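Engineer: Chain by chain, the residues run as shown.
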Amino acid sequence: MNSPEPSATLDVAASAVANSLITRTVSAWRVEFAVLAAVMIFYAFGQDYLALASTALVTAIFVLSLDLIVGYAGIETLGQAAFFGIGAYAAGLYALHVGTDPIIGLAVGAIAGALVGYLSGEVILRTGGLSLLMLTLAVASVIQEIANTATSITGGADGLSGYSIAPIFGLFQFDLAGKTAYFYSATVLIVGLAICRFIVESPFGLSLRGIKGNVTRAALLGIGTHRCLVAVYVISAALAGLAGALSAQISGVVGTDSLSFVVSGNAMVMLILGGVGRLYGAVIGAIVFVVISDQAASVDPKNWLLFVGVLLILAVRFAPTGLAGVLTALGRRMG
Amino acid sequence: MASFVVLTINGLSFGLILFLLSAGLTLTLGLMRIANLAHCGFAMLGGYIALFAVTNLKLGLLEATPIALVGTMLLALLLDRTVYRWAREVSQLQQVMLTIGLTFVMVAAVNLIFGASIRALPIPEVLSGNYFLGAFAIPIYRLFLVALSLLVAGAIWFVIRFTNYGARLRAAIDNPRMAQCIGSNVDAIVSSAFVAGCGLAALGGALGTSMYPLEPTYALIYLVPVLLVVAVGGLGSLEGSLLAAILVGLLDTYSRYLLPAMGGAAIYAIAAGILLMRPRGLLGQHR
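Going line by line, the protein sequences match chains U and H. The first sequence runs 1 to 335 under the working numbering. The second sequence runs 1001 to 1287 under the working numbering.
Any given hint could be a false lead.
[To be verified] To list a few chain U residues with every Cβ distance to chain H over 10 Å, as calculated: (1) I199; (2) G222; (3) A297; (4) N303; (5) L312; (6) L323.
[To be verified] Some, not all, of what chain H presents toward chain U, calculated at C-beta under 8 Å: (7) V1083; (8) V1159; (9) Y1268; (10) I1270.
[Said to hold, decoys possible] Here are the computed distance ranges between Cβ atoms for each label pair: (11) A28/U to C1181/H: 34 to 44 Å; (12) L96/U to R1177/H: 41 to 51 Å; (13) L1062/H to A329/U: 51 to 61 Å; (14) D1187/H to A51/U: 36 to 46 Å; (15) R1170/H to F33/U: 29 to 39 Å; (16) L1276/H to F172/U: 25 to 35 Å.
Quick caveat, the hints were computed from the structure, so don't treat them as lab data. In this text the structure is predicted, and so the values were computed from the model without any measurement. In this text, a Cβ means the ideal position worked out from N, Cα and C, and glycines have one as well.
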């Protein structure tokens, strides 16, 4: 974006070169820096709300995984909760039966998500449109049904609980105030954001946008469309599994509702609310949604759904580019 | 053998109510190309209007059902002029969001007015009781539902195959532009089919409460089997939906009886298999 001005490049002073290097770095990583700054500022002022903030951060990672396939590859899904839930169960089972290291637990969740993503994606991505939407829903329903029935492994309707998580790197113990959980999820979000940005800005990411724009043309240009779609679906599933694993480690419970349609639907709502295909839109949408839902649930839980519904209809009608789009438009108008 | 007959009757009645719930969605998808996730909401509204008529106006189910039908169709007409008009102008993803939003509003409204408890409508006196087949009892109401749904399916088939309106409808599904060009008012056909489809859903919602009980999340719970039926049957194909609905009803009932450990998973696996072999559904047209 902000390439150095011609006058600045003419300036031979070394400090200017160093400055422009810093500016360029900050500019390239501005979203990550913005999130980092927000995390720090919030920590300074919002000590009492760290648990809620951690939920918002984990949710942001999950919605980010959704943006990767919906916003960049045009894969519309109502079953993303499948990967979130699988990741949560994998991390929970790992902590319960194998080991308590949190980082390995995250990896286990991501790998489990990726594996299910590959097995289902290889099959369902051969279709498109409504059939695809339906199949994503079917995959999530099957997995939830299995989790409900296989009580000996998953605990059925009671879910998994009673596992402990070791300190991160053996140094940072999970504390009651949720400080560790807060910085842990913030770190994962920032790393996830950077990875996603790297992916969408790579040639592979450009191929995906080409496929989203016009599958036939992309195929004629020599892009292996099916392989690209499966690849991004697997990456997204891994990220969703990671978010699930994180949520399992922080909350200490895994239930079958982590696999439910409501989770997938809400994630879609957050993505639309924040703005599709911008990555940071996913973060904004998740945070705004989690905060509003927490407030609304404490004030008036019964009308919460009514509020979300009306908000969605109005958002599609009057702000189809989401909050991120509104912000961008405002920024442009300000100069 | 007798248990097989009972299972089949049960499966058929489940499947045929499912057909009533999904027939309108098939038409909407074929005509408007709108992924209307709020469709089950109309069935739910039908059910709750009937519940209101039964509890507050002291009517029987058979008198309450026409009221539910008309009430839901009026609401559908209103929404067709507003939310669904907007939906035609936006991308598929935004349609999904718009109709999910509408579903949320319906769920919340029903929850506010009728409360969260699970309700079923009383079966009318005339149709209560059982028909005995050896040692097995078949509820007469189930037989009534099978007969009525088949009658409705036959009536829809007749209207679409043999009337002028049906010909216009088929033309609008096949090629809306060409239909418009030869002077058919596609817009009016689309709206009328949408409203009629919501009416069918309301009929299923009001009559099927013994199998699909009313609760505020009705619109979300039964969305999955309804979408399954539409996708497996083929968009815009009512025959396909009927076939798929009966198939889903029967297979689900059989598999839950024979393989209880699988639960409801078998039907999804079968549906996924069918869609893989025929991505456009059993009787979907190739465009």
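Engineer: Mind listing which of the numbered hints don't hold for this structure, in increasing order?
Structural biologist: 4, 5, 8, 10, 11, 12, 14, 15 and 16
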